[in-house]
Every structure is written in C-alpha cells, then in structure tokens.
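With the sequences and hints as input, model every part of the structure.
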Amino acid sequence: MTQEQTYLAEAVTLARRNIEKGGRPFGAVVVKDGEIVGRGVNEMLSSGDPTSHAELNALRSAAQNLRSPRLEGAAVYASGQPCPMCLAAMRMAGITEIAYANSNADAEPFGLSTAAIYAELAKPLAEQAMRFRHVPVDDAETTPLYAAWQERLAKT
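Be aware that the sequence shown starts at 1, since it is given in full-length UniProt numbering, and climbs by one per residue.
The set of hints was computed from the structure by calculation and includes no laboratory data.
All values derive from a computational prediction rather than experimental measurement.
Don't take every hint at face value.
Claimed, not checked - Each pair of labels, with its calculated beta carbon distance range: (1) Pro109 with Thr143: 46 to 56 Å; (2) Pro69 with Ala105: 14 to 24 Å; (3) Pro144 with Pro124: 21 to 31 Å; (4) Leu125 with Leu66: 16 to 26 Å; (5) Asp106 with Pro144: 28 to 38 Å; (6) Pro144 with Gln5: 44 to 54 Å; (7) Asp106 with Thr51: 21 to 31 Å; (8) Asp106 with Thr2: 14 to 24 Å; (9) Arg91 with Leu125: 42 to 52 Å; (10) Asp49 with Arg91: 29 to 39 Å; (11) Ala9 with Leu153: 39 to 49 Å.
Even for Gly, the Cβ is constructed at its ideal location relative to N, Cα and C.
Here is the structure:
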C-alpha cells in the first residue's frame, strides 16, 4: 500500500466510524511532513452546523495542532470528493494537494454528490440561482473598514 493509500484508508476508516455513530459517511486527514496533523469527520447532523464537514473539521484540527491558520506544505486526504466550500477553505489555508477515495459519481446514487453545486458555481455570478449583490455602505464619518484593520495591524 502506498503512503497516499494509507492516508486515504485512514480517512475512510474515520468515515465508517462516523456512520456507526449515526453520522454521514465522510472522514478526512491533513498530513504534513509525513505525519497526520489533523483528523475530522462530518458532524453536520450531531452539531446542526451545515459547515461541519470532515475536511473543514480536519483543517481546524490541523490549524490548532500546528498553531497556525496557514497550512502550506500540507495535503488533505478525504473519503469523498470535497465540496466547493471545503475546496475553497483548503485553498484559503494554503493546501495545494488533495486526494479523495470516492468521487461525486460514486456519491450521486446516494444523494451525496456536490456536482450540481460545482456546476452552479462555474456560471457567472449574475447567472447563478443565488442572489448575490454588492451594496456599499458609505460612512464618511469613520475610517473605511479595511483601512481600519490595516491601521490596527500597523500598531501591533
């Protein structure tokens, strides 16, 4: 078994344990320098949190263990193909390598595919079903929001 297959097997084992606990069939691990630094399972049902996906929970675990929100040099191994939300979070954390054991095609017969969301997000914003608009809030009395953040950073 290759190292990649070993990490994917760990993600699938986490997913199977999650099923046994009444959860959804998703598990993930974050690996850096050959070591698992974060693990997660899908906890949407137990937490009531629609963002509590295995990959996000594994990222949170890795960030806490490494004491950094930046995870450059780490890879994610997931039991299922990551959804767009998880993919975006991985990109924002600096992950550049992802492997998954089960595809959206594998998940589709069970109602677990996110292929339709990927297809929707591939459309220009104006053509997507979700209403998405920019509504500036002009407050000439105060420092603009992002400038205030930058000023605060400069003071620390």
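Structure-based check of each hint:
1. For the pair Pro109 and Thr143, the beta carbons lie near 54 Å from each other, so the given range of 46 to 56 Å is met.
2. Distance hint for Pro69 and Ala105: a CB-CB separation of about 33 Å, inconsistent with the stated range 14 to 24 Å.
3. Checked against the hint of 21 to 31 Å, the C-beta distance between Pro144 and Pro124 comes to roughly 28 Å, which is consistent with it.
4. A C-beta distance of roughly 34 Å is found between Leu125 and Leu66, which places it outside the suggested range of 16 to 26 Å.
5. About 47 Å separates the C-beta atoms of Asp106 and Pro144, a value inconsistent with the hinted range of 28 to 38 Å.
6. Separation of Pro144 from Gln5 is about 50 Å and conforms to the stated range, judged on CB atoms against 44 to 54 Å.
7. Checked against the hint of 21 to 31 Å, the C-beta distance between Asp106 and Thr51 comes to roughly 23 Å, which is consistent with it.
8. About 20 Å separates the C-beta atoms of Asp106 and Thr2, a value consistent with the hinted range of 14 to 24 Å.
9. Taking 42 to 52 Å as the suggested C-beta distance range, the pair Arg91 and Leu125 does not conform, at roughly 18 Å.
10. Remark: the range hint 29 to 39 Å for Asp49 to Arg91 is contradicted by a beta-carbon distance near 21 Å.
11. For the hinted restraint 39 to 49 Å between Ala9 and Leu153, the CB-CB distance of approximately 43 Å keeps it satisfied.
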